[in-house]
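Single-letter residue listing:
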Amino acid sequence: MSNKEMTKINIFYVPGNIIFDDLTEKVVENETHQLVLCYPKISEQEIKKITKIITHNRNHYLKHLTVNEIIDIIARAAEKWTNPAYHFRKIAEKAVPMVTGYDVDQFSLEIKNFIRLFREKELKRFVNSELGQSGTVLDDFQPNLSGGFSKFYGPDLIFQIFSGNVPGIQLWTLIMGLLVKSPTLGKTSFSEPIMPALFVQTLAEIDPKFADTIAIMPWHSGEKFEKHCLDLADTIIVCGSKETVTSVKSKASLNKRILSYGYKIGLAVVGRETLTPDRYVQVIKDLVEDITTYDQQSCLAPQSIFIERGGAITPQEFASILSNELDNYQIKYPRAPINESDKIAIEKMRQEAEITSIKNEATSLFRSDNSTAWTVILHNKNGFSASPLNRSIHIFMVDDLTDLPLALTPYQQYLQSAGIAVSPDRLFLLANILGKVGVNRMSALGKMNHVSSGWHHDGHFNLLDLVRVTDIEQSLECYSEQFDPDVE
Amino acid sequence: MIENSKKIQSDIITFINKYKDYQTDQYEFEFNQLAMRIFAYQFQNNVPYKKFAQLRNKNLLTVKNWREFPLIPIQAYKELTLSTEDINQAADIFYSSGTTNMNHRSKHYISNLNIWEESMRVGFRKNVLPNTNKIRIFSLFPGMTDNPNSSLSRYISTAMREFGTKDSHIFFENNQLNYSKLITALREVEKIQEPILLLGASFSYVHLIAYLQRHQQSFNLAKESIVFDTGGFKGKSREVSMSDLYAELESTFQVKREQIINMYGMTEISSQCYDRNVKDYSENKTVYFDKTAPAWVKTQVLDTETLQPVAQGQRGLLAYYDLANWDSCVSVLTEDIVTQNNYGFNIIGRAKGSVAKGCSITADELLQLQ
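Line by line, the protein sequences give chains A and B. Residues in the first sequence are numbered from 105 upward in steps of one, following my numbering. Residues in the second sequence are numbered from 177 upward in steps of one, following my numbering.
Keep in mind that the hints were calculated from the coordinates and are not lab data. Just so it is clear, CB atoms sit at the ideal spot from N, CA and C, and this is done for glycine as well. Heads up, some of the hints might be wrong.
As a list, the in silico DSSO-like pairs of lysine-lysine whose alpha-carbon atoms are at most 27 Å apart [as the list claims (entries may be wrong)]:
| hint | chain 1 | residue 1 | chain 2 | residue 2 |
| --- | --- | --- | --- | --- |
| 1 | A | K485 | B | K227 |
| 2 | B | K432 | A | K463 |
| 3 | B | K432 | B | K357 |
| 4 | B | K357 | A | K463 |
| 5 | B | K234 | A | K216 |
| 6 | B | K357 | A | K485 |
| 7 | B | K226 | A | K463 |
| 8 | A | K452 | B | K357 |
| 9 | A | K225 | A | K551 |
| 10 | A | K156 | B | K432 |
| 11 | A | K551 | A | K198 |
| 12 | A | K485 | B | K432 |
| 13 | B | K227 | A | K452 |
| 14 | B | K432 | A | K452 |
Calculated Cβ distances over 10 Å to all of chain A for the following chain B residues [to be verified]:
| hint | residue |
| --- | --- |
| 15 | L237 |
| 16 | K302 |
| 17 | V416 |
| 18 | L425 |
| 19 | K432 |
| 20 | T480 |
| 21 | Q484 |
Looking at chain A on its own, in the form it has when it is part of the complex (with noise of 0.2 Å):
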């Protein structure tokens, strides 16, 4: 009936030896592609069966690799990822703007950067960054500043919960996890079930017996075996809304570390020093880099902008030049489809701005025509509001930027990115600021999407909140001493 272009993939991965017969192929369409995504209905047994498995292969193979070794295999993984004719990144190319909507050249483009964040180099520096001596001391018992000696230790079986917001975010989580030698047995989320299955599949080309000690496949919040996952695992990674991360500590028991990823907002912060004649075109075009990477979709992203009063141009024309840049990309990068209710809270959100400026004239909204694509308010005065995402933003103005706390302090607990354009000179003094209101990554203007390898996710330690350490005491060195019979 169709000539389309039809591509089967598989959104799972569980080690060789398990085998389903019962698969389910959800169809996903276009005007030239037919997408086929396969996942299996898990029973019960099956999961105990495969974290059986997954724990086996773990402890007879992955636990006696060195982190070294194991960055080395991770690492092959990722630099087959950065050749575009690698054959799993040809599929992603296709599969994910499919089944996501986001812009195909857009994806393609986030999608190469993103990967290159787990090259040796990167990875190495991301295991130094926190635990020093190229992990070393996850391999075998290190000298500590104390005197004794300590090695630590990843948890025996990690339950993790993937969020489908952003494409690929689920590889830093998985990736932890395999540095830290712990077997993973993970839910994907079917709003982006493609990237963690098709890395995962990278990783068996390089080393099965690696990648057996990974089993991802997606299901519907809810089914009878989480409580099993929940029982099984002694350590927990949840990412997503604060309805599921509330739902999994309330079902997990008291024992299980989790580690949850939840609710964040990113702002930007625009100095006046920022908006001079020759600069202020660029400050607006990494603005824009931010607010359509995605579509808000990620943390990451800002939902706010503040913008310092005493720039070259005003902050009217700062945001009427934000919404034709915003305008030209959408021709460009085109937003991702959104549903009803999507709509309904930009909608919702322009009507607010529309009745504010009646009653005080004091806020100003520009949207694009006769669609939701873009919207942009601007608040004359200072404040701080989330956004309905989707690319539409908040610009509130201070005077000077030593008054960001009075419109931050309240939201501190959801605070996470800010991207930054100020001058060397202000940097540190901003910077103390937002630290003390709790943001925790600052990066500048035009990557707030693409974080570092080093980054502390959330203002944590990445590697360190997952592994528990034993220590050897130095008296236990010296006593021990006593027991040599070669020493007098």
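Start from chain A and add chain B according to the hints.
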């Protein structure tokens, strides 16, 4: 020249009565002409609405047709004073219910009641009581005395006064429904097989049915009886589907589905829409259950992405153009998602805010957390 409010009001009354039963070739033209006059009147006398129109680049020169009226969102009634008349002289102010914050309730100033009542009477007569002048009315919802400043309570009281026999009664007393008194009254009319009209909000029937089931009570009402509900279940703790509720009503009261009617109305508008089934049934026509608007109301279904009219059958936001809203805003953008077909429109539900897919919090969610 600013038109005289009395002239507009009398022309609306004339229009309502001229077109209440059928439409002539002149109807569309006359609707538009009157709507344009009212829009001009509102543009000149309702200052916040004028500013709103100007934000949308709409004025008396650019707007040529009622379809081009700037649609004031419901939430504007919460924040702005939308009235063409002196609000200190208003005959009534309708407040929306629901939220505890008084500043976040809609305020609809009714400058005088003649048009509101005319619209209510004509619509009610045509859709709810097509074959009867008076009927015994039992209301589950409080009237004006117990619940002032509510458009629904004024509606109930007006229905009792205009269409109720002397035995009609409101069973909502001291902030609660008097179930035992209602049951006694229902038994009485059941015994003498006198038809009644039950009036209530949708959620009041949910509670009533739960009560009756607990006490194993059901009734065999006279077959011309009508059950009327309004409001749906937005924001109520117990969510029930309307079809489940109607099935329960049929079996509990032994009324036909054709005799159960839902009214669509809200604080911010002055005219109601009704399911057409009671009228269809009374005229022995094919019975449809879609909602129809009266001649002095137009509706459009707008795409949530573009806010332009959708193709028939597609879902979208309901835009409501009500000439009886002459003293605030004729054109209102509701928050209801609907579909329209050849027979009328259907409410699918209330537009919901957005939920983020992952770690990025949305404005709506942040509001809920605080």
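Taking the hints in turn, this is what the structure says about them:
no.	hint	in the structure
1	A:K485 <-> B:K227	holds (21 Å)
2	B:K432 <-> A:K463	violated (50 Å)
3	B:K432 <-> B:K357	holds (24 Å)
4	B:K357 <-> A:K463	violated (49 Å)
5	B:K234 <-> A:K216	violated (47 Å)
6	B:K357 <-> A:K485	violated (58 Å)
7	B:K226 <-> A:K463	holds (12 Å)
8	A:K452 <-> B:K357	violated (45 Å)
9	A:K225 <-> A:K551	holds (20 Å)
10	A:K156 <-> B:K432	violated (61 Å)
11	A:K551 <-> A:K198	holds (25 Å)
12	A:K485 <-> B:K432	violated (59 Å)
13	B:K227 <-> A:K452	holds (18 Å)
14	B:K432 <-> A:K452	violated (40 Å)
15	L237	holds (20 Å)
16	K302	holds (33 Å)
17	V416	holds (22 Å)
18	L425	holds (30 Å)
19	K432	holds (35 Å)
20	T480	violated (4 Å)
21	Q484	violated (7 Å)
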